[in-house]
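Assemble the complex: chain A is given as a structure, and chain B must be docked to it using the hints.
Protein chains in written order, with the numbering used here: chain A, 1 to 114; chain B, 1 to 114.
Keep in mind the hints are simulated off the structure, nothing from the lab.
Ideal Cβ placement from N, Cα and C applies to all residues, glycine included.
A few of these clues could be false.
[To be verified] If you want the footprint, here are the derived chain A segments under chain B, 3+ residues with CB under 8 angstroms: (1) 61-71; (2) 96-106.
[What the hints assert, rightly or not] Taking CB as the label site, the calculated pair distances span: (3) A:ARG90 / B:THR25: 34 to 44 angstroms; (4) A:ARG78 / B:GLY27: 19 to 29 angstroms; (5) B:ALA71 / A:ASP32: 22 to 32 angstroms.
[What the hints assert, rightly or not] Going by beta-carbon spacing under 10 angstroms, a handful of chain A positions derived as facing chain B: (6) THR53; (7) ALA57; (8) GLY88; (9) GLY89.
2 protein chains.
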Amino acid sequence: MSMPAGLAHTPEPPYYAVIFTSRRTAGDHGYDALSRRMVELSAGRDGFLGLETVRGADGVGITVSYWRDEAAILAWKRDPEHQLAQRGGRATWYDAYEIRIARVERAYGFARGA
Amino acid sequence: MSMPAGLAHTPEPPYYAVIFTSRRTAGDHGYDALSRRMVELSAGRDGFLGLETVRGADGVGITVSYWRDEAAILAWKRDPEHQLAQRGGRATWYDAYEIRIARVERAYGFARGA
Chain A
1 MSMPAGLAHT PEPPYYAVIF TSRRTAGDHG YDALSRRMVE LSAGRDGFLG
51 LETVRGADGV GITVSYWRDE AAILAWKRDP EHQLAQRGGR ATWYDAYEIR
101 IARVERAYGF ARGA
Chain B
1 MSMPAGLAHT PEPPYYAVIF TSRRTAGDHG YDALSRRMVE LSAGRDGFLG
51 LETVRGADGV GITVSYWRDE AAILAWKRDP EHQLAQRGGR ATWYDAYEIR
101 IARVERAYGF ARGA
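In isolation and in its complexed conformation, chain A is listed as follows:
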């Protein structure tokens, strides 16, 4: 599975968002493959609604994943393979990160020609 490009198609609110903002360390050190694997794993979980991810040339990235409820978020956080990746993130891949869990209350969009 390749990394999803573009905008997530989510249902009507309410649902939950995990806003994950990070600054990478230098070098890959297996990060690219691991992050693809985490996207693949999360997308297969019960309660997963979508994901949007962007990383800039300066190493700062934002990944927002969308979930049906907080229980689905917690279950994904506790997934053993994900926990191993979280440890790798602190040991190697991230200089800093911030995770915010938020309840999406309203949403609207625009699409050219739609």
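Just chain B now, kept in the frame of chain A:
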């Protein structure tokens, strides 16, 4: 003012997030200057708490701005200069976008060496 790079330093939750995911059209057409101006304007508003913004080489971008409450978000949405920019976004700069307003309930982070 230059575009902020990196992670926003926000207070303890609860507060609000506006998750703005977009896909740009080709070419600049004044977008870069306008987006810098919008960051500058929003950062000066009452209730603004911080902003994180990343755009990838594929034209997909995520900007998350943080706000004290929904009233501050609505006031910024109605700002005349911002409204002009919103019209420009639909007319010229964006192929598609999605805006999600969410209440941040929990947050935690990591910083190397902290």
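Against the structure, the hints:
1. 61-71: holds (count 3)
2. 96-106: Check passed, 11 qualifying residues.
3. A:ARG90 / B:THR25: 34 to 44 angstroms: holds, 39 angstroms
4. A:ARG78 / B:GLY27: 19 to 29 angstroms: violated, 45 angstroms
5. B:ALA71 / A:ASP32: 22 to 32 angstroms: Because 42 angstroms falls outside the window, the suggested range is violated.
6. THR53: At about 8 angstroms, which falls below the 10 angstroms cut-off, the nearest Cβ of chain B leaves the hint on THR53 (chain A) intact, so it holds.
7. ALA57: holds, 8 angstroms
8. GLY88: violated, 12 angstroms
9. GLY89: holds, 8 angstroms
Comparing the model with each numbered hint stated earlier shows that hints 4, 5 and 8 do not hold.
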